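Q: Given next are the chains, with one letter for each unit.
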Amino acid sequence: MFKELDPILHSQLRLSIMSLLIGVRSAEFSFLEEKTGATRGNISVQLRKLEEAGYIEIAKSFRKNYPLTTCTITKKGKAAFTDYVNTLSDYIRKKPASE
Amino acid sequence: MENSEKFNEESALKVITEMIDATKNDVRSNYFFFLLWGFLVLAASLLEYCLLTFFHSPYHYIGWPVLMSIGMIVSLVYAIRKYSKTNSTTYIGNFFKFFFLAWSLSLILVLFFIIPRNNQLVQPVILVMYAMAIFISGGILRFMPLKWGGIIAWAAALLSFFSPFPVQLLITAAAVVVAYIVPGFILKSRK
Chain A
69 MFKELDPILH SQLRLSIMSL LIGVRSAEFS FLEEKTGATR GNISVQLRKL
119 EEAGYIEIAK SFRKNYPLTT CTITKKGKAA FTDYVNTLSD YIRKKPASE
Chain B
1263 MENSEKFNEE SALKVITEMI DATKNDVRSN YFFFLLWGFL VLAASLLEYC
1313 LLTFFHSPYH YIGWPVLMSI GMIVSLVYAI RKYSKTNSTT YIGNFFKFFF
1363 LAWSLSLILV LFFIIPRNNQ LVQPVILVMY AMAIFISGGI LRFMPLKWGG
1413 IIAWAAALLS FFSPFPVQLL ITAAAVVVAY IVPGFILKSR K
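Chains as they are written, first to last, in our numbering: chain A, 69 to 167; chain B, 1263 to 1453.
Be aware that one or more of the hints could be misleading.
[To be verified] Stretches of chain B that chain A covers, calculated by requiring three or more beta carbons in the stretch to come under 8 Å of a beta carbon on chain A:
1. 1270–1278
2. 1410–1419
[Unchecked claim] Straight-line alpha carbon distances no greater than 30 Å define the calculated DSSO-like cross-link-like pairs of lysine-lysine that follow:
3. 1344(B) - 103(A)
4. 1450(B) - 117(A)
5. 163(A) - 144(A)
6. 1450(B) - 143(A)
7. 163(A) - 1344(B)
8. 1359(B) - 128(A)
9. 1276(B) - 132(A)
10. 143(A) - 1409(B)
11. 128(A) - 1344(B)
12. 1344(B) - 132(A)
13. 117(A) - 1409(B)
14. 132(A) - 103(A)
15. 1276(B) - 71(A)
16. 162(A) - 1347(B)
17. 132(A) - 1359(B)
18. 128(A) - 1409(B)
19. 144(A) - 1276(B)
20. 103(A) - 1450(B)
21. 163(A) - 1276(B)
22. 144(A) - 1409(B)
23. 146(A) - 1359(B)
24. 1409(B) - 132(A)
25. 1347(B) - 117(A)
26. 117(A) - 128(A)
27. 1409(B) - 1344(B)
28. 146(A) - 1347(B)
29. 71(A) - 132(A)
30. 71(A) - 144(A)
31. 1344(B) - 1359(B)
32. 1450(B) - 144(A)
33. 144(A) - 1359(B)
34. 71(A) - 128(A)
35. 1276(B) - 103(A)
If you're looking for bench data, these hints aren't it; they were derived computationally from the structure. These figures come from a predicted structure and were not determined experimentally. Note that beta-carbon positions come from the ideal geometry of N, C-alpha and C, so glycine has one too.
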């Protein structure tokens, strides 16, 4: 019996965002936009969901009078990501080759 | 990128790999500093060797303060420009920021006290400091040419301790080609 994959992370864009944030100390909104290629609206929605789950922290500030959104992965987010990757490895390792 | 209903385990693994790789590439952009300081130290060493050996100039050391000052200004301007364009902070980037700040201050402090007391130690000490910076950078970036560069610079430093001053300048010039310039170009080509 497989452990269920975390539904918050098991979404293409949310997983992309988390995979980017796990590798950096902090990232601006434009970085996530540039690396994922997703629309601003879609990224905003997914960031809110990740923030609500406590997986990321979002800081709002200003740079040269322009609003600046900076995201950081939380301890809970790191643990959830690690757990997701471990569960995923189990799936892939134990999955029959014919599937 | 939209959420897909067909998002399965294989797709998830692919997304993770691609995104983690996307954050790794930026590290290689540090080649600029290796090439800049490599060429500046090479020029300063050869210039001093020529002024000392062929022209017997009392100002044989003049290349060092001039070229090193240029290096510091260019590095500072480049780093500020690069930092203002960067929209993410990496753990490695943060480490290098503090490491090179500490390293530069240590080098300045050491040279400030060594230069008036014992000129014979200046080149070997510079090489020891360079070796440390290169070797640590190679280890952090997991880049073999820099690790070897560090080891070669340490060997050059050791050789310098037992060599006369003009020979030390040639050893320094040779060491920066192997330890800074060659890895810098390899790093640049792998961007």
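Q: Each hint: holds or not?
A: Hints, verified against the model:
no., hint, in the structure
1, 1270–1278, "holds (count 7)"
2, 1410–1419, "violated (count 0)"
3, 1344(B) - 103(A), "18 Å, holds"
4, 1450(B) - 117(A), "39 Å, violated"
5, 163(A) - 144(A), "28 Å, holds"
6, 1450(B) - 143(A), "35 Å, violated"
7, 163(A) - 1344(B), "45 Å, violated"
8, 1359(B) - 128(A), "24 Å, holds"
9, 1276(B) - 132(A), "37 Å, violated"
10, 143(A) - 1409(B), "33 Å, violated"
11, 128(A) - 1344(B), "22 Å, holds"
12, 1344(B) - 132(A), "16 Å, holds"
13, 117(A) - 1409(B), "43 Å, violated"
14, 132(A) - 103(A), "23 Å, holds"
15, 1276(B) - 71(A), "20 Å, holds"
16, 162(A) - 1347(B), "44 Å, violated"
17, 132(A) - 1359(B), "23 Å, holds"
18, 128(A) - 1409(B), "40 Å, violated"
19, 144(A) - 1276(B), "23 Å, holds"
20, 103(A) - 1450(B), "21 Å, holds"
21, 163(A) - 1276(B), "17 Å, holds"
22, 144(A) - 1409(B), "36 Å, violated"
23, 146(A) - 1359(B), "24 Å, holds"
24, 1409(B) - 132(A), "40 Å, violated"
25, 1347(B) - 117(A), "28 Å, holds"
26, 117(A) - 128(A), "16 Å, holds"
27, 1409(B) - 1344(B), "25 Å, holds"
28, 146(A) - 1347(B), "27 Å, holds"
29, 71(A) - 132(A), "47 Å, violated"
30, 71(A) - 144(A), "19 Å, holds"
31, 1344(B) - 1359(B), "12 Å, holds"
32, 1450(B) - 144(A), "37 Å, violated"
33, 144(A) - 1359(B), "27 Å, holds"
34, 71(A) - 128(A), "36 Å, violated"
35, 1276(B) - 103(A), "14 Å, holds"
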